[in-house]
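Undergrad: Put together the whole structure using the sequences plus the hints.
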Amino acid sequence: MGDKDSVEKYLENNPQFAKEYFDKKLSPEVIATTFAENLKDQSSFKDVSQIQEANIIYDLVKEMQSQIVMEKVLHKVLQRVCLILNADRCSYFGLRARNGIAELTTTLFNVTPTSKYEENLVNPTNEIVFPIDMGVVGYTAHSKKMHNIPDVTKNNRFSDFVDKQTGYKTKNMLSFPMMADKECLGVAMALNKIGAEEFSKADEEVSPELSKANTSLRKHHTAYMFNVESRKGQVLLWSASKVFEELTDIERQFHKALYTVRIYLNCERYSVGLLDMTKEKEFYDEWPVKLGDVPPYSGPKTPDGREVIFYKIIDYLLEGPKEEIKVIPGPPIDHWALVSGLPTYVSENGYICNMMNVAADEYFTFQKEAVDESGFVIKNVLSLPIVNKKEEIVGIATFFNRKDGKPFDEHDEQITEALTQFLGWSVLNCDTYDRLNRMEWRKDIAQEMLMCQTRCTNIEMQSILRSNCPVAIDVDLLLFSFSDFPVTEHGLIMCGIRCFFELNVVEKFKVPAETLTRWMYTVRKGYRDITYHNWRHGFNVGQTMFCLLQTGRLRKYYSDLDAFAMVAAAFCHDIDHRGTNNLYQTKSGSPLAKLHGSSIMERHHLEYSKTLMAEESLNIFVNLQKRQFETVQHLFDVCIIATDLALYFKKRTMFQNIVNATEPMETEKDKIDHISNNPIRKEIIMAMMMTGCDLSAITKPWDVQSKVALMVAAEFWEQGDLERTVLDQQPIPMMDRNCAAELPKMQCGFIQFVCAFVYKEFSRFHVEITPMFDGLNINLKNWKELADIHAAKMAAIEEEKKKLELSSTVVPTRTQINLFYSNVCKQSTCTQTLYSLKP
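If you're matching positions, the sequence shown starts at 1 in the UniProt record's numbering and goes up one per residue.
Simulated from the structure, these hints should not be mistaken for laboratory data. Computed from a predicted model, the values in this text were never measured in an experiment. We put the beta carbon where it would ideally sit given N, CA and C, even for glycine. Fair warning: there could be bad hints in the mix.
[Stated by the list, open to error] Calculated lysine-lysine pairs in the PhoX-like style (CA-CA distance at most 20 Å, straight line):
{"id": "1", "residue 1": "Lys232", "residue 2": "Lys242"}
{"id": "2", "residue 1": "Lys154", "residue 2": "Lys164"}
{"id": "3", "residue 1": "Lys368", "residue 2": "Lys379"}
[As the list claims (entries may be wrong)] Pair by pair, the computed Cβ-Cβ distance ranges are:
{"id": "4", "residue 1": "Lys145", "residue 2": "Asn349", "range": "29 to 39 Å"}
{"id": "5", "residue 1": "Gly597", "residue 2": "Glu245", "range": "27 to 37 Å"}
{"id": "6", "residue 1": "Ile263", "residue 2": "Asp285", "range": "42 to 52 Å"}
{"id": "7", "residue 1": "Gly350", "residue 2": "Lys594", "range": "45 to 55 Å"}
{"id": "8", "residue 1": "Phe226", "residue 2": "Met146", "range": "22 to 32 Å"}
TA: This is the structure in structure tokens:
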């Protein structure tokens, strides 16, 4: 007893010696060797294990810091768990997902206290895989709870699937879920308690040991997920970068993106098959089938009904020391990536197929030997469809052999699916680019056809060149009262040419005579043959602009180039008018309304005019310098857009301010300087001049104005008919032919609230323009006379109706009303024409 006390005292006084002694004599390997046989009493071992706890934890921490491979750390923990539990063996099953289905797979198998890591680590080709809804291990992963099974034969969840694979006999088992927060990463399992019939309640308290494994698993899982997210981000960023570098061709777009992201795909090689997008065959290709000479196609089809035909395969061979890319147009059916039938299957069904150990697969015919001279053997495969925004499969991407030898998991599926989805959606870029190109080509063809139909021919040009242009005074070109009715349309073309010569711009800007003639004739042909907004109206606006500059003496504010552009723009201001206004274009949803958001028709006239400028043979500004030509284009913008009456009310206050500012100025030079030195004031006056020109028919002599008013009304009524029949809407009174009798009243309102301001302010601005204001007042007086007559007529009709109702219950017929109307209305010669349009 004394010896025992002295030994104990010595050990207490010499702790360093005690540590070294027990480290040497009581290491886990020595204990495992000592207790190789069944142990009846394990209490002494547990006391020893507690002594070694700190050292073992320290060793595990060092292992976790130094070991990159998670399985090695886990192997050491399982060896200790096996020793503590006195279990026959332990195993670890990793949890993963493929094809959207969770499954368990053997990672470390048959671990014992003395087994070697290399023996227990399961090669990916020899994995035992089973679904999560199978066996006690699957239930543990699903429930995320520990399970102690005393007798597996009495447990209905137990499956002998693994026992049949290995020949082992399981009697009892203890399974633990390995968790990372709320996510199960795998299941650790201990089998067959040594020295007892079952695992005890005390054995269930082995969680401190497993927490060490959980730490390692969490570290590995976190690092792996970081790698996954990093690769996914890199794949998307690089593919996005390359996709937008290439918009012209889908093949080059795919190739740039797929080649750039190859290092993030974690596979030895991959292949991309591009599918033929033809949905319908040409009619002549169908003749042999319909005649029975060729059997109809009976092979696989895509979900949208296309025949599965790979018109090109791109192989990315990355496994060797030197990367290789092969492009195979029209690949043969025995191509190594197609011969198995997997890409065709994916094309037909649109599924993601993730396959492991393909050599054992019976559905697809994968080559079990090397596929080419490089010696490459297919082990596992991941195949995905590339789907565009229309849900059409445009190609198949197939990835072969994960680099670490393991099967592709759900994270590989997510990365590759993100890539293929992005590639599929990026097809829209190429499609859009192609559509834009086709639209551009169609536009060029349509423009060529348009020019062919509207461009002045050589015969037409010669007919003008052989004629003498009329003298401006002889045809009243310098008068505001000019009427186009006595002049033929051919004569109006020559009058238009005369305006440019009178401005002295033809010689100054070196305008070729043939070009000017061809342009003038083409502008005339550009106007449609409609009731009012035709070539005659276009010419009248151009002539009025010419008259304002020359007779109205407004030219002093503008340069010769300005005058040249203003008159040319005035001639073009309503080119290709359709006889309907902007509101109708919007209501009908016409292409013009979709193309131009505001001032719809005006912007169309402007685009048409610029199209003529772009044609070399029609460009009357061909000899201008670049800066001068840009000025002309800007003035066209100002002049033509200004004819939108919706903008008139915005600019008239600004114009009135200019008139008010110049009216008290004593000298003409002051006025010129005030306007000419400020481009904005020049443009405001220019815009108001265009409005005055566009409305100038209201200032013409009464015999001209009354006829023009009827033409305007007739065109409005035609639009009203369209609104009633096409749009199924009731037109406003101005557009309603049933309200034709209200025309004089509507004309009075239009003159008073729209037109009067323009010509009143211009007559204040320049007294030379007063004839236009005088003509407007004369016409207003005549329209008021007609409006009063109509009002008196309507009052008399109402009075007569009341008399007839009092004298008889018979309602007056239309004939009686018309007879009364003819007796009441004693109209002048000029008004009879107007009232002939009564409904």
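Undergrad: All hints, please: hold or fail.
TA: Comparing the hints with the structure gives:
1. Lys232 x Lys242: Within the cut-off at roughly 15 Å; holds.
2. Lys154 x Lys164: holds, 18 Å
3. Lys368 x Lys379: holds, 9 Å
4. Lys145 x Asn349: 29 to 39 Å: Holds, at about 38 Å.
5. Gly597 x Glu245: 27 to 37 Å: holds, 32 Å
6. Ile263 x Asp285: 42 to 52 Å: Holds, since Ile263 and Asp285 (Cβ atoms, about 44 Å apart) stay within the stated range.
7. Gly350 x Lys594: 45 to 55 Å: violated, 35 Å
8. Phe226 x Met146: 22 to 32 Å: Given range 22 to 32 Å: holds, Cβ gap about 29 Å.
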